[in-house]
Amino acid sequence: MAEKIGLVLEGGGMRGIYTVGVLDRLLELSIMPDYVIGVSAGACNGLSYVSRQVGRGYRIIMDYIGDARYVSVSNYLKTGSMFGMDFIFDEIPHKLDLYDYDALLSSPCEYVVGVTDVRTGRPVYFDKRDMDHDSTVFRASSALPFFSHVVEYKGGQYLDGGTADPIPVRKALADGCDRLVVILTQHRDYRKKPQKHQRIYAHALRQYPAIVDAMNVRHQVYNDTLDYIQQLEREGTALVIAPHTPVTIGRFEKKAENLNRLYEQGKQDAIRQEEALKKLFSL
Numbered sequence: 001m002a003e004k005i006g007l008v009l010e011g012g013g014m015r016g017i018y019t020v021g022v023l024d025r026l027l028e029l030s031i032m033p034d035y036v037i038g039v040s041a042g043a044c045n046g047l048s049y050v051s052r053q054v055g056r057g058y059r060i061i062m063d064y065i066g067d068a069r070y071v072s073v074s075n076y077l078k079t080g081s082m083f084g085m086d087f088i089f090d091e092i093p094h095k096l097d098l099y100d101y102d103a104l105l106s107s108p109c110e111y112v113v114g115v116t117d118v119r120t121g122r123p124v125y126f127d128k129r130d131m132d133h134d135s136t137v138f139r140a141s142s143a144l145p146f147f148s149h150v151v152e153y154k155g156g157q158y159l160d161g162g163t164a165d166p167i168p169v170r171k172a173l174a175d176g177c178d179r180l181v182v183i184l185t186q187h188r189d190y191r192k193k194p195q196k197h198q199r200i201y202a203h204a205l206r207q208y209p210a211i212v213d214a215m216n217v218r219h220q221v222y223n224d225t226l227d228y229i230q231q232l233e234r235e236g237t238a239l240v241i242a243p244h245t246p247v248t249i250g251r252f253e254k255k256a257e258n259l260n261r262l263y264e265q266g267k268q269d270a271i272r273q274e275e276a277l278k279k280l281f282s283l
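Residue numbers in the sequence shown follow this note's numbering, run continuously in steps of one, and reach 283 at the last position.
Among the clues, some could well be false.
As the list claims (entries may be wrong) - Here are the computed lysine-lysine pairs in the PhoX-like style, where the Cα-Cα straight-line distance is at most 25 Å:
#, residue 1, residue 2
1, K255, K192
2, K278, K267
3, K254, K4
4, K95, K254
5, K128, K4
6, K279, K267
7, K267, K196
8, K171, K193
9, K279, K4
To be verified - Derived DEER-like restraints, expressed as beta-carbon distance ranges:
#, residue 1, residue 2, range
10, R129, Q268, 35 to 41 Å
11, R59, E152, 28 to 34 Å
12, R188, E264, 17 to 23 Å
13, R119, D67, 32 to 38 Å
14, P108, Q198, 42 to 48 Å
15, K279, A210, 19 to 25 Å
16, A256, N216, 17 to 23 Å
17, E275, Y228, 21 to 27 Å
18, H244, K279, 16 to 22 Å
19, V73, R206, 21 to 27 Å
20, R206, A2, 47 to 53 Å
Worth flagging that the hints you see were computed from the coordinates, not collected in a lab. Ideal Cβ placement from N, Cα and C applies to all residues, glycine included.
Let the hints inform the model, and build the full structure from the sequences given.
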């Protein structure tokens, strides 16, 4: 029986344009795994990859990053969310740069999106059955605590998938993947520090104590996951693609030149791993 190969996509807000660069290069090489899982920006960026819409992920960032409806303080003051959820998850995919939902749903590639249950602080996962011309799951996975509203879906209440499971390698393995390609959006030596402003977000999210608890330990979960990924690398189970230099932009970056530079770095880092990727996918 052939190995089941999975692709794991970290989030990171606008740092996710690095992932877009990697994924566009994979499409150029006609590389498509059996399984893709992503959280937050990773989940969103994986969409155009699975539907094989090369260049779309780049366009929807670069064409609209200067639009206040995409990400801005004015969004936050008007709606309570830094990212314009209606603009990103409705107007862009349904009117401005059409998303091919039919290609997603007909693809043999499994697609899984992680969110965080605000009542338990635990991860919850949705598959393609929940993505039929509906972007609610992606709204939920991208809804940053404190910077976004809670998203209600099928009786549940959810926020950013990266809060509870920032790099969902364990879920990919639990779903039967034998080998993994893991795309990170931080430098390999990066380690997350404890969340700042704990009193502020604890007060703002006081009706969701489980989310506050998850945010308080997120750095530990993240760093433990990185250690586990390194173990998977040593065992030959994981191939990691990550920025080869430290990433200096934040999750709300708006400077086009900085974003374009990180996109090109993603493509170049994928090229650096090209022989390993071709070997893994028997090309």
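Self-check item: K267 paired with K196 [C-alpha distance capped at 25 Å]
Solution: 32 Å, violated
Exercise. Can you let me know if the beta-carbon spacing of P108 and Q198 is within 42 to 48 Å?
Key: 44 Å, holds
Practice problem: Compare the distance between the alpha carbons of K95 and K254 with 25 Å, and conclude whether the hinted pair is satisfied. | Solution: 23 Å, holds
Quiz item: Taking the CB of R119 and the CB of D67, does the distance hold inside 32 to 38 Å?
Solution: For R119 and D67 the Cβ distance comes to about 34 Å; the hint holds.
Practice problem: Just tell me: holds or violated, for the beta carbon distance of A256 and N216 against 17 to 23 Å? | Solution: 35 Å, violated
Quiz prompt | Hint check for E152 and R59 - Cβ pair distance inside 28 to 34 Å | solution = 30 Å Cβ-Cβ, so the 28 to 34 Å window holds.
Quiz prompt | Restraint status (C-alpha distance of K254 to K4 at most 25 Å) | solution = Since the Cα atoms of K254 and K4 sit roughly 37 Å apart, the hinted pair is violated (cutoff 25 Å).
Exercise. Return holds or violated for the Cβ distance of R188 and E264 against the range 17 to 23 Å.
Key: 19 Å, holds
Quiz prompt | Cβ separation of V73 and R206, checked against the hinted range 21 to 27 Å | solution = Given a distance of about 24 Å, which is inside 21 to 27 Å, the answer is holds.
Quiz item: If you check the beta carbons of R206 and A2, does the distance land in 47 to 53 Å?
Solution: 50 Å, holds
Quiz item: Has the given pair, K279 with K267, been kept, meaning a C-alpha gap of at most 25 Å?
Solution: Holds - the C-alpha atoms of K267 and K279 are around 18 Å apart, at most 25 Å.
Self-check item: 35 to 41 Å as the expected CB spacing between Q268 and R129, which holds or is violated
Solution: The hinted range 35 to 41 Å holds for R129 and Q268, with Cβ atoms some 36 Å apart.
Against the hints set out earlier in the document, violations occur for numbers 3, 7, 15, 16.
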